[in-house]
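Each chain, written out:
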Amino acid sequence: MNEKRQHFDEMLLDGDGVRQPYGAYQEWFFNEDPTRLTKKSKEAEAFFRRTGITFNVYGQEEAQERLIPFDLIPRIISNREWTRLSKGIEQRVRAINAFLHDIYHRQEILRAGVVPPHLIAQNEAFLPQMIGMSPPGGVYTHIVGTDIVRTGEDEFFVLEDNARTPSGVSYMLENRETMLQMFPELFSQNKVQPVSDYPKNLRRSLAACAPAGCNGKPTVAVLTPGIHNSAYFEHSFLADQMGVELVEGHDLRVVDGRIAMRTTQGYQNIDVLYRRVDDDFLDPLNFNPDSMLGVPGIMDVYRAGGITIANAPGTGISDDKAIYSYMPEIVEFYTGEKAILKNVQTWRCSEPEALQYVLDNLSELVVKEVHGSGGYGMLVGPAASKKEIASFAAKLKKNPANYIAQPTLSLSTVPIFVKKGLSPRHVDLRPFVLVSPKEVKITPGGLTRVALKAGSLVVNSSQGGGTKDTWVLED
Amino acid sequence: MLGKTAGGLYWMSRFLERAENTARLVEAGFRIALTRSSDSASEWKSVVTTAGVRNGYMEKYDSFTGPTVIDYLLRDPANPSSVMSVIENARMNARLVRTVLTTEVWEAVNEDWMTLKEALRRPIRETELPGILGTIRQQSALVRGAMHGTMMRNDIFDFAQIGTALERADNTARIIDVKYYTLLPSASFVGSPLDNVQWETILRSVSAHRSFRWLNQDDMTSSNIADFLILDSRFPRSLSFCSRNLDENLGFLAKDYGVRMPCNDLVERQRDKLRAHTIGSIFDEGLHQFISAFIRDNNAIGMQIEQDYRFNG
Chain F
1 MNEKRQHFDE
11 MLLDGDGVRQ
21 PYGAYQEWFF
31 NEDPTRLTKK
41 SKEAEAFFRR
51 TGITFNVYGQ
61 EEAQERLIPF
71 DLIPRIISNR
81 EWTRLSKGIE
91 QRVRAINAFL
101 HDIYHRQEIL
111 RAGVVPPHLI
121 AQNEAFLPQM
131 IGMSPPGGVY
141 THIVGTDIVR
151 TGEDEFFVLE
161 DNARTPSGVS
171 YMLENRETML
181 QMFPELFSQN
191 KVQPVSDYPK
201 NLRRSLAACA
211 PAGCNGKPTV
221 AVLTPGIHNS
231 AYFEHSFLAD
241 QMGVELVEGH
251 DLRVVDGRIA
261 MRTTQGYQNI
271 DVLYRRVDDD
281 FLDPLNFNPD
291 SMLGVPGIMD
301 VYRAGGITIA
311 NAPGTGISDD
321 KAIYSYMPEI
331 VEFYTGEKAI
341 LKNVQTWRCS
351 EPEALQYVLD
361 NLSELVVKEV
371 HGSGGYGMLV
381 GPAASKKEIA
391 SFAAKLKKNP
401 ANYIAQPTLS
411 LSTVPIFVKK
421 GLSPRHVDLR
431 PFVLVSPKEV
441 KITPGGLTRV
451 ALKAGSLVVN
461 SSQGGGTKDT
471 WVLED
Chain E
1 MLGKTAGGLY
11 WMSRFLERAE
21 NTARLVEAGF
31 RIALTRSSDS
41 ASEWKSVVTT
51 AGVRNGYMEK
61 YDSFTGPTVI
71 DYLLRDPANP
81 SSVMSVIENA
91 RMNARLVRTV
101 LTTEVWEAVN
111 EDWMTLKEAL
121 RRPIRETELP
131 GILGTIRQQS
141 ALVRGAMHGT
151 MMRNDIFDFA
161 QIGTALERAD
171 NTARIIDVKY
181 YTLLPSASFV
191 GSPLDNVQWE
201 TILRSVSAHR
211 SFRWLNQDDM
221 TSSNIADFLI
231 LDSRFPRSLS
241 FCSRNLDENL
251 GFLAKDYGVR
261 MPCNDLVERQ
271 RDKLRAHTIG
281 SIFDEGLHQF
291 ISAFIRDNNA
301 IGMQIEQDYR
311 FNG
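Going line by line, the protein sequences match chains F and E. 1 is the number of the first residue of the first sequence in the numbering used here; add one for each residue after it. 1 is the number of the first residue of the second sequence in the numbering used here; add one for each residue after it.
Quick caveat, the hints were computed from the structure, so don't treat them as lab data. Please note that a few of the clues may not be correct.
[Unchecked claim] Quick list of in silico lysine to any residue cross-link-like pairs, SDA-like style, CA-CA up to 25 Å:
| # | chain 1 | residue 1 | chain 2 | residue 2 |
| --- | --- | --- | --- | --- |
| 1 | F | K42 | E | G280 |
| 2 | F | K200 | F | Q129 |
| 3 | F | K200 | E | E104 |
| 4 | E | K179 | E | E104 |
| 5 | F | K42 | E | L142 |
| 6 | E | K117 | F | Q268 |
[As the list claims (entries may be wrong)] Computed footprint of chain E on chain F; a stretch qualifies when at least three of its residues, placed anywhere within it, have a C-beta under 8 Å from a C-beta of chain E:
| # | region |
| --- | --- |
| 7 | 315–324 |
| 8 | 330–337 |
[Stated by the list, open to error] If you anchor each label on the Cβ, the simulated ranges turn out as follows:
| # | chain 1 | residue 1 | chain 2 | residue 2 | range |
| --- | --- | --- | --- | --- | --- |
| 9 | E | T127 | F | D16 | 39 to 47 Å |
| 10 | E | T102 | F | F187 | 24 to 32 Å |
| 11 | E | L34 | F | E177 | 32 to 40 Å |
| 12 | F | K39 | E | L34 | 55 to 63 Å |
| 13 | F | V380 | E | T65 | 42 to 50 Å |
| 14 | F | G266 | E | R153 | 47 to 55 Å |
| 15 | F | T38 | E | P77 | 34 to 42 Å |
| 16 | E | R54 | F | R66 | 34 to 42 Å |
| 17 | E | R54 | F | Q268 | 57 to 65 Å |
| 18 | E | P77 | F | R80 | 53 to 61 Å |
| 19 | F | P194 | E | T49 | 57 to 65 Å |
Cβ coordinates follow ideal geometry from the N, Cα and C atoms, glycine included.
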């Protein structure tokens, strides 16, 4: 590691020493016996396996349940950094809720010419069923997982807003539990802000969005596509931690204008449904008629105010990567303030000039599908072969509006623990945001995803990424 | 509780119980094969029959030998009742109902699955068999211990207990059913070495050989054995014990929910019937008919429970 680093490392300084938030940690680390740490690392893996903290990978029959590798070096964020980040995230999330309300009502932002109408009208994620409908409490995005990347000391960018159904929060919680068990001493040496209130806050936040007609304590439930879904562990974990039922579509039906779940003692009404099922599968009567995962008629109950669906159907439109490119304008339009967090520069391939630029510079750009997620179907130019670039260019020319391109960011690195000690790897950060009518609450920390392959920029767990515990220090 | 969750608990427990019972059957068969090799083929055949998988087995094999039966019953994924298959199913149901299990129970089930997956990865050599059977028993004991030591005594526990009791009653009844003729007090057999082998297998299949001997010393007669397995409510695998357990747990549910269900009546009738009988009257009525009727009633109770508590809609 003698060569000068090209990327900003959040722990190690270019010369000797570490950045300030890592001060106490470094002292501990360099006094640790590496063999003990190796052993601890194996223990952590065994722990995850035994407790069944796994995710399923589609199309891999053999290894149906896989572990997300856990790295024991924490990612540490100072309070000052966090304060700025969380302000920026809150501003952005408020703007997104205002945006969603607007496009499903008066569409002022389109009339003002800030966002081109075709991006909304021709967007699959735009649900006509939501036009004129106001969700209970006015909240569209009850849970958001904003993806943040960093390129320098003060350079933070929002990479994706994930206002639809962000996952990963269970890893944030379990990673912390694991660290507390393995290295309790670290938590007396460092003042780390707790994350364990998340499930309680989630339940409160959801309950605060109950329909107006709900008397008494609202009944909350988590809707999962089922045991074979890649995030099933998380669904059951969250239901468990909140102390609510985990339901599937076939447990539910419409009873007297309400959504009710089949219990051993008959049908019981649900007030708030935290659904981890995509819009399209939510209601076979209103959306995809072949869906077995949803509840026939739930949209009608929803529109009549009989249930709260979190997140609201139709929020996916704000995850569209073409809409993303307008986010700075969207923030300014609804909040009257400049966006605190930057957007990554984005070329919309639907625009001929941008397309030409992108085609000319494919080997340096990252190209993504506008509706894509999970790291599937994207091109990372600098890492791609000539052949891959050529075939991607053909796809791009065929359907330019389906793509956006971004510069290859020099993502910050945080070291991971390897046999020889520390080795830098690229990371991103997904803090989790809860929105209720009264407040926006952001859990200090979030999920740090780390690319385990040296030099790789792809951190997605479906593509072999790992995770780290994320610390936000108190002052 | 969701109906689906109740069903998941019930099936999780049934599958766990089945894994243990199958291992016990193999253990008894293996023992006979070692000590009375001349009878081993017919013994393995009745093991397969008792496990209720004879048709599936015959599709795959032509004869009943130790290695093929052991493989089929312990690790064959094509056999839905093989230990590995039922442990997979038990774990799948545990995942389904994970929110109502304590961490200890979930981890015990998960560990059971991981351990057996490893132990049953390759075909089993004779030398390894006792160790593997021991592991299966031990893992089941860990799950049961976690259930009893950490779960609240509420409807969650009741549904799990109900599944165990039903599966266990079915297993004991099927063991008697397959070998009922060896238990008939027919003069030509009494005291013959053949009888002793058969009787010992029956007792070993339900881990009753030691308790039976302790109770009866040398007095090993078919009527004593049948009495023990059917009517002795001290023995935790007897029909009478299972039936009482089922009745009690369904009773807890009825009390808890404040509603008596049709399944309560069915199990009460079954229990009354067992109470009204002596082993003599059972033999008078016909052991075979009695056991067949029990198996039918037991299945009917299971189906009634599924319906009463809305497992499937």
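- Item | Hint numbers contradicted by this structure | Of the numbered hints, 1, 2, 4, 6, 7, 8, 9, 11, 12, 13, 14 and 17 do not hold.
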